[in-house]
Amino acid sequence: MKLRPGITSFFEGHERDSIPKYSIAEFKHLVHALALLQGSKIGSISECGITPNFHTAELQMEGTRLFVLGHSNFPVIAFVEQLNHADQQLRFVDNLNVAGEISRLCPEVEIGQTSDLSRLITNDDLAVLTVVEQKQVAYWKPRTIGQLVFNWWD
Numbered sequence: 263m264k265l266r267p268g269i270t271s272f273f274e275g276h277e278r279d280s281i282p283k284y285s286i287a288e289f290k291h292l293v294h295a296l297a298l299l300q301g302s303k304i305g306s307i308s309e310c311g312i313t314p315n316f317h318t319a320e321l322q323m324e325g326t327r328l329f330v331l332g333h334s335n336f337p338v339i340a341f342v343e344q345l346n347h348a349d350q351q352l353r354f355v356d357n358l359n360v361a362g363e364i365s366r367l368c369p370e371v372e373i374g375q376t377s378d379l380s381r382l383i384t385n386d387d388l389a390v391l392t393v394v395e396q397k398q399v400a401y402w403k404p405r406t407i408g409q410l411v412f413n414w415w416d
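Numbering (my numbering), first residue to last: 263 to 416.
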């Protein structure tokens with residue numbers, strides 16, 4: 263997973279225009295196209311807010327549910343089988359079938375793999391972040407890349 267300045271969705275006011283946005287419209291377009299190709303139903307789609315820093319969509323397919331998370335600033339997607347806003351714990355899963363469809367539909371979208379998202383944060387990872395983000399990391403104390411990228415920090 264490519265870390266870059268702004269990946270935590272924290273930035274200084276003067277940086278606002280330089281940090282991209284992955285809009286809910288782009289995310290919805292992807293989810294609707296994906297559901298059509300997969301023959302799945304969309305249970306819900308939610309836009310990011312101040313917290314969490316990601317959009318969510320619930321796909322219902324073949325008796326299972328898969329939640330698609332879309333980062334609010336970068337075209338980065340991840341998957342979880344359960345989404346509980348109360349405990350704010352994301353247990354990332356890989357879904358090669360859905361990931362393959364997303365890659366075909368939107369090659370610019372990066373798909374977070376469980377091995378990357380569960381990797382512990384290193385000093386090299388922190389060096390990529392802005393000073394404001396580094397301060398947030400010191401406060402919130404994420405341990406993994408997934409906790410850094412997809413978060414409920416306010």
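What the hints contain is simulated information worked out from the structure, not anything from laboratory work. Heads up, a few of these hints could be off.
[What the hints assert, rightly or not] Listed below are the simulated BS3-like cross-link pairs for lysine-lysine, each with C-alpha atoms no more than 30 Å apart in a straight line:
#	residue 1	residue 2
1	K264	K283
2	K397	K264
3	K283	K403
4	K264	K290
5	K303	K290
6	K397	K283
7	K283	K303
[To be verified] Quick list of simulated restraints, FRET-style, between CB atoms:
#	residue 1	residue 2	range
8	I304	Q396	17 to 23 Å
9	H276	E324	47 to 53 Å
10	A400	Q300	38 to 44 Å
11	L388	D416	33 to 39 Å
12	R353	G325	17 to 23 Å
What you are looking at is a predicted structure, and each value in this text was computed from that prediction instead of being measured. All C-beta atoms in this analysis are idealised placements derived from N, C-alpha and C, irrespective of residue type, glycine included.
Evaluation of the provided hints:
1. K264 <-> K283: OK: K264 and K283 at ~16 Å, within 30 Å.
2. K397 <-> K264: Measuring from Cα to Cα gives roughly 20 Å; hence the hint holds.
3. K283 <-> K403: holds (25 Å)
4. K264 <-> K290: Between K264 and K290 the Cα gap is close to 23 Å, so the pair holds against 30 Å.
5. K303 <-> K290: holds (13 Å)
6. K397 <-> K283: Answer holds: K397 to K283 is near 22 Å, not above 30 Å.
7. K283 <-> K303: This hinted pair holds, its Cα atoms lying about 26 Å apart.
8. I304 <-> Q396: 17 to 23 Å: violated (37 Å)
9. H276 <-> E324: 47 to 53 Å: holds (48 Å)
10. A400 <-> Q300: 38 to 44 Å: Holds, since A400 and Q300 (Cβ atoms, about 41 Å apart) stay within the stated range.
11. L388 <-> D416: 33 to 39 Å: The hinted range 33 to 39 Å is violated for L388 and D416, with Cβ atoms some 20 Å apart.
12. R353 <-> G325: 17 to 23 Å: holds (19 Å)
Of the numbered hints stated above, those contradicted by the structure are hints 8, 11, listed in ascending order.
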